[in-house]
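Below are the chains, spelled out letter by letter.
Protein chains: 2
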Amino acid sequence: MHQFLNLKKSVRISTEFWDVTEKAGLFGVTVDGIGDGRHRVLADGHEFVNMSSYSYLGLDTHPGLVRAAADAVLAQGALNTSASRLRLHFGVLQDAEAALSDLFGVEAITVNSCALAAWTSLPLVASGLLTDGVPPLMVFDKNAHFCMNAMKPSVADEAEIITIRHNDVEALEDLCRRHRQVAYVADGVYSTGGVAPIAELLRLQERYGLFLFFDEAHSTSTVGRNGRGVVLETMDGFNDRTLIITSLNKGFGASGGAVFLGRRGAREWVDIALRSAAPLMWSQRINTAGLGAVLASAELHRSAELTGLQDRLQANIDLFDGLVDTAERGDGLPIRFVQVGSEAGTVELAQDLMRAGYFVSPIFFPVIGRGRAGLRVMLRSNMTAEEIEGFCGLVNSLGRRESAGAGAA
Amino acid sequence: MHQFLNLKKSVRISTEFWDVTEKAGLFGVTVDGIGDGRHRVLADGHEFVNMSSYSYLGLDTHPGLVRAAADAVLAQGALNTSASRLRLHFGVLQDAEAALSDLFGVEAITVNSCALAAWTSLPLVASGLLTDGVPPLMVFDKNAHFCMNAMKPSVADEAEIITIRHNDVEALEDLCRRHRQVAYVADGVYSTGGVAPIAELLRLQERYGLFLFFDEAHSTSTVGRNGRGVVLETMDGFNDRTLIITSLNKGFGASGGAVFLGRRGAREWVDIALRSAAPLMWSQRINTAGLGAVLASAELHRSAELTGLQDRLQANIDLFDGLVDTAERGDGLPIRFVQVGSEAGTVELAQDLMRAGYFVSPIFFPVIGRGRAGLRVMLRSNMTAEEIEGFCGLVNSLGRRESAGAGAA
Numbered sequence: 001m002h003q004f005l006n007l008k009k010s011v012r013i014s015t016e017f018w019d020v021t022e023k024a025g026l027f028g029v030t031v032d033g034i035g036d037g038r039h040r041v042l043a044d045g046h047e048f049v050n051m052s053s054y055s056y057l058g059l060d061t062h063p064g065l066v067r068a069a070a071d072a073v074l075a076q077g078a079l080n081t082s083a084s085r086l087r088l089h090f091g092v093l094q095d096a097e098a099a100l101s102d103l104f105g106v107e108a109i110t111v112n113s114c115a116l117a118a119w120t121s122l123p124l125v126a127s128g129l130l131t132d133g134v135p136p137l138m139v140f141d142k143n144a145h146f147c148m149n150a151m152k153p154s155v156a157d158e159a160e161i162i163t164i165r166h167n168d169v170e171a172l173e174d175l176c177r178r179h180r181q182v183a184y185v186a187d188g189v190y191s192t193g194g195v196a197p198i199a200e201l202l203r204l205q206e207r208y209g210l211f212l213f214f215d216e217a218h219s220t221s222t223v224g225r226n227g228r229g230v231v232l233e234t235m236d237g238f239n240d241r242t243l244i245i246t247s248l249n250k251g252f253g254a255s256g257g258a259v260f261l262g263r264r265g266a267r268e269w270v271d272i273a274l275r276s277a278a279p280l281m282w283s284q285r286i287n288t289a290g291l292g293a294v295l296a297s298a299e300l301h302r303s304a305e306l307t308g309l310q311d312r313l314q315a316n317i318d319l320f321d322g323l324v325d326t327a328e329r330g331d332g333l334p335i336r337f338v339q340v341g342s343e344a345g346t347v348e349l350a351q352d353l354m355r356a357g358y359f360v361s362p363i364f365f366p367v368i369g370r371g372r373a374g375l376r377v378m379l380r381s382n383m384t385a386e387e388i389e390g391f392c393g394l395v396n397s398l399g400r401r402e403s404a405g406a407g408a409a
Numbered sequence: 001m002h003q004f005l006n007l008k009k010s011v012r013i014s015t016e017f018w019d020v021t022e023k024a025g026l027f028g029v030t031v032d033g034i035g036d037g038r039h040r041v042l043a044d045g046h047e048f049v050n051m052s053s054y055s056y057l058g059l060d061t062h063p064g065l066v067r068a069a070a071d072a073v074l075a076q077g078a079l080n081t082s083a084s085r086l087r088l089h090f091g092v093l094q095d096a097e098a099a100l101s102d103l104f105g106v107e108a109i110t111v112n113s114c115a116l117a118a119w120t121s122l123p124l125v126a127s128g129l130l131t132d133g134v135p136p137l138m139v140f141d142k143n144a145h146f147c148m149n150a151m152k153p154s155v156a157d158e159a160e161i162i163t164i165r166h167n168d169v170e171a172l173e174d175l176c177r178r179h180r181q182v183a184y185v186a187d188g189v190y191s192t193g194g195v196a197p198i199a200e201l202l203r204l205q206e207r208y209g210l211f212l213f214f215d216e217a218h219s220t221s222t223v224g225r226n227g228r229g230v231v232l233e234t235m236d237g238f239n240d241r242t243l244i245i246t247s248l249n250k251g252f253g254a255s256g257g258a259v260f261l262g263r264r265g266a267r268e269w270v271d272i273a274l275r276s277a278a279p280l281m282w283s284q285r286i287n288t289a290g291l292g293a294v295l296a297s298a299e300l301h302r303s304a305e306l307t308g309l310q311d312r313l314q315a316n317i318d319l320f321d322g323l324v325d326t327a328e329r330g331d332g333l334p335i336r337f338v339q340v341g342s343e344a345g346t347v348e349l350a351q352d353l354m355r356a357g358y359f360v361s362p363i364f365f366p367v368i369g370r371g372r373a374g375l376r377v378m379l380r381s382n383m384t385a386e387e388i389e390g391f392c393g394l395v396n397s398l399g400r401r402e403s404a405g406a407g408a409a
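Protein chains in written order, with UniProt numbering: chain A, 1 to 409; chain B, 1 to 409.
Possibly wrong hints are sitting among the right ones.
Identical copies go unnamed one by one, so any copy, or any two together, can satisfy a pair.
[Said to hold, decoys possible] Simulated pairs of lysine-lysine, DSBU-like, Cα-Cα distance not exceeding 35 Å:
| id | residue 1 | residue 2 |
| --- | --- | --- |
| 1 | K142 | K23 |
| 2 | K9 | K142 |
| 3 | K142 | K8 |
| 4 | K9 | K23 |
| 5 | K23 | K8 |
Quick caveat, the hints were computed from the structure, so don't treat them as lab data.
From just these sequences and the hints, can you work out the full model?
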C-alpha cells in the first residue's frame, strides 16, 4: 500500500499552498475569452493576457478551427454515435484518424484526452503485447508527467517498474545491459520546461532494442516539420519500438488526445489496442465538435500557415529570452520557468502581475521541490511584442524586489 | 503482479471472438447518422436502426441540444481555455456544473467521461479523505463496470480491496459488521441489465455507516424525477455517505461525465477533489460544445418534455417485454439481455438481424461467462412500434432456429 499513491498525504502537503493561491485570486478564475490568449474575469471585468496558455500557436481561438468544430456537430447532427467505437462510429472519426496518421506518418488512434492516451497505452506496453510477448522492465523518468505517474499502479500489475533520475541516460543504459526488454517512459518536452535526450535515447534503442514511450503533449505542433514534435523530428521515420501519446488540445488547438503506434499502414498494434485497451472500448471518444477541429487543424498543419505560426512563436521565444534569463534560454521551446524561490513570494509576484494584466501560473511544491517555486511562462505565436516586453519588464522589476526580500529573510 | 490486470491473457482469450465479430461485419462499422437512432453504413449505403443505442431518450439527435452544442463553441470562440480548470475556466463550465447541481440536488463536478469520473473519485474514496481520514475496506461488486474494475490497482494502493458476488447484500453486511469503515462499489443500473438492491444498501448505510459508490451511467435521465436515476430516486435526499459517478453522454445526450459528491451547497468534498484528484488538475475537461449541450439538456430535464420522453420509453419497454421474454422483463429499465447460448450462434443471429436492418450488440466472453452469449438490446423513447415489433419478430423466429441448433449440437 502507498507504493505509488497517497492522496491523504498529497492533500496534507499541498492544502495550505492552494489556500494561499485561492486567496490571491489565482485559483479557478471564471473568465470569458476575448481572443488571442486574452481573457476577461467574469466577476469584475478585469482583462488580462494569459502568459501560461499552452495554446502555443494560438490555434485555440483560430476562427477556422472554431467554425469547423461547430459545423461538424451540425453536419452530423449528434455529438456521438451512442455506441462503443468498436461497434459504430461516425465517418468523421475515421477521417480525423486518417488525417493524423497521414500527417505524422504513423498509425494514430484518438481518445478523449492525453491522460486517457496514457491509460490506454501504458498497461498495453507493460503487458508485453507490443514487445514479442515479453513484459519490459518499465523505467519511468522521475519527471514524467503526472498522467503517466498516475498509471504506475496499473503498470506495476503488468510488469516490473522502476523510476530513475531525470534524463539519466547512463542509468538507463545500465538497465538495458542487465534486462532482456526495457521500456523508457518520458516526456519529449517536459511540462515545466526542458527536453528529453532524444538522440541518445534513439542510440540506446538502436543498440539494445530499448522501447521508447514519449508524452509529446507540449511538443506536437510547436516544433518540427508539419508540427510533428521533437521526437518524430529527431527520428528517421517512426518505428515499432516507439509509442507516442500526445494532446490534440494544447498546441494542436482541437480536443482530445492521440496514441501513435506503428508506422503508417502497420495496423497490427492498432488492432491489438482496440481489442484490449480499456478506454478505447467504452462509450466516449472525442465528440464531433472536437473531431471537426482535429480535421481542420490537420489540414492547417500541412500548410504554410503552420510554418508562419511556428516562426512567429520562435521570434517571441527569442524576444523573451533576450529579456529574462532562465535555465531554458535558447532551447527553442516555448516553456520557460522563472525561478523565484519562496512559495509566498511567488504567489505575491503572480498576484501583482495579474493586477497589471498578466496571468501566469505560480508553480510550487508538490509540482516542484520546496524553496524552488517560480512562474511557468508559456509563450505563444499570438502574443504581441508589447505584451512580452511589458510582462518581462514587470517580472524583472518585481522579481528583483522578491530576490532582495528572499535574501533579507 | 497480475492481481487485477492481465492484458496478454485477456487478448488471448478474446481475440478469436473479435475476429469472428469482425468477419461478420459487426466490428467498427463506420456510419452516418440519419436521426432517431438510425444509421447508414458508409461503405455500402445499408440502412439500419440501432437496437443497442444507449441514448435511451433519443437526446443524442435532439435538434435543440445539437444546436446548443454548436452555439456554445461559436459564442465562446474556443473549445477550451488552454489552461487547467484550477487556473482558468469559462463561464459555461461553471454554469453547466451549477445547472447539474441544482437539477439533482447535489454538488456536481464535470469531467471528460464517466471513466474519468471513476479515475477521479475511486482513489479519493479509497484514500479515506471522504470518510474522516479512515481508508475504507473497498468492496467491489463482481459485476461493477469495467471502468471501475480498471481502477482496482490504484484503489489497492490506497486501501484494502475485496470483490464480492453480484448483489450479495448478506456478504456485504457481514463485512460491515467486521470492519470499521466499508465502501461498496457498484452500478446503480448494470450495463448488461439489472439493478442494485438500493433500498437494502441504504439500510446498511443507515445501520453501519456504509459508504456507497454508484455508477449511474445507465440510469441517469432514463428514470426518476427530473431523470435523477434509480439511486437518487430511492434516497430521501443526497447524503455525505454516498458518491455517484455518471455519464452526461448516454441518456443525458451531451458529452462527458460527472461526479456527484455532497448535498447541494456542501462544497467541502468538491474542494478536496479539485485539489487532489488527478484528472481534474489536467488540461482537458468537457469542451464548450459538450458543455453547451449539458446546459440545454439540464433545462430539458426540468421540463414536461423529459416526462414525455420517459413515458414513451416506458411504453416501448412494455411493448418489448410483451413480445420477447428476458430475465429483466418488468423491471422498468431499458436494458434487456436476450440470451442465445453459443458465441457463434449469437454472432450469426446478430448478422442476420443486421441484414434485416437491425444492429444489435452481441455480448460474449469476457463480458459474460462462456456459453451464455446473447444480444444486448437497449430500448429508446424514439423507436417506433413497427421497429420494435419487427425486431422482436425476427429475434423470436431466428432465435428459435438458434435454440434448435444449439440443442442439436
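Hints broken by the structure, by number, lowest first?
none
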